[in-house]
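Enquirer: So the chains spell out like this:
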Amino acid sequence: MSESLQQVASYLGGLAVHLRNLGAEVPEPWLERYDTGEIGFAIAAELAGPEAPKSAVITAEEIWNPVGADRYERAEYGYDLIDYPANRRRAFHMHDVSAYLARRGVTAHEHCEELLGKPTCDHYLGFPVYSGYEGLNTLLACWSDPGPLGCARLRCAR
Amino acid sequence: MQDKQFLSPNDVASELSVSASTVLRLIHEQRLPAIRVSERIYRIPVAAFEKYKAGALESPSPARISPEISKRPRIGAGESMPEAAETTDAVARVRSA
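Residue numbers (the working numbering), protein chains in the order written: chain A, 1 to 158; chain B, 1001 to 1097.
Hints are supplied without guarantee of correctness; some may be wrong.
Label-pair restraints from in silico Cβ distances [claimed, not checked]:
#1 B:Lys-1004 with A:Gly-37: 23 to 33 Å
#2 A:Pro-148 with B:Ala-1077: 22 to 32 Å
#3 A:Gln-6 with B:Ala-1020: 37 to 47 Å
#4 A:Thr-138 with B:Glu-1015: 36 to 46 Å
#5 B:Glu-1039 with A:Pro-146: 14 to 24 Å
#6 B:Arg-1031 with A:Gln-6: 25 to 35 Å
#7 B:Gly-1078 with A:Val-67: 41 to 51 Å
Within a straight-line C-alpha distance of at most 27 Å, the following computed BS3-like cross-link-like pairs (lysine-lysine) qualify [unchecked claim]:
#8 B:Lys-1004 with B:Lys-1051
#9 B:Lys-1051 with A:Lys-118
#10 A:Lys-54 with B:Lys-1004
#11 A:Lys-118 with A:Lys-54
Just so you know, these hints were derived from the structure itself, not from any lab.
Don't be surprised by glycine CBs; every beta carbon is placed ideally from N, CA and C.
Chain A extracted, bound-state conformation (with noise of 0.2 Å):
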C-alpha cells in the first residue's frame, strides 16, 4: 500500500508515541530523504526496566521506496530487540531481498539468540512482517516475557 511522505511522516511519529506512552525513552524522530530518491528513518527507543548492563533496546528502521509522484512503499525494514537484562536479542528483518529470494525462497528472515550473541543460527526464515506497529508490538511482547524466545521452534535458513 502506497503514502504520501506526509502520511509517513505522521506514521513515525505514531511509532515513537506509541513507544514513549509505553514508558520507552525516544529521540524525536526525523523522516529522512535518501540520494536514491527513497525516504526512511531509524529510531532508538530505550525501554524501560532495569539499566544493568544496560536498558533494553528497540531499533526500528525503513526505507520506502518512490512508487509514484508522492507516493512511497515501504521496501525494507529491521526491528531489532536487544534485550540486554535478559541478555538476548529478537529481530524481524526485511532487506537484501532479491538474494534472499534467490538463495532461500523468502523475502523476510529473523534473528533469535536465547543468549545474547550465541546464536544458533544466524537467519531463520521468516513471513513479512505488515507494518512498524505489529514488529514493534511484537518484540514489546517478546520483551515482556521472562520466558524463551522460543528460538528452537523456527526454521533455521542455512
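Guided by the hints, dock chain B onto chain A, whose structure is given.
Expert: This is chain B only, laid out in the frame that chain A set:
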C-alpha cells in the same frame, strides 16, 4: 508496585479501584497503553501506568521531515548473508553452460 516492571489488568484495577473489565476497556479504547502478549494476556509497563495516572500520555504528531538529502543507509549492514544454496548454484551452472 515499585519492584515490578509490569502490571496485569487486575493490578491496575486494584490501583484505580475499578473492575478488571474497566481496565480492559481502557486498553481496547487505547486510552491505557498496554502490551498484548497473547489473545487474552496484557501487560502494562509500570512506566506507562505512571504516565497514564499523571495524564502525561502523548498524542501522535507527524515526525519532522529532514530538509537535507542524506546517503541511503543499508539495513542489515554487518550482517552475514546466507550462503548460496547448492541447488541454486547448480541451476546457475546449468544456465551459464
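Enquirer: Please flag the earlier hints that this structure goes against, numbers listed from lowest up.
Expert: 1, 4, 7 and 9
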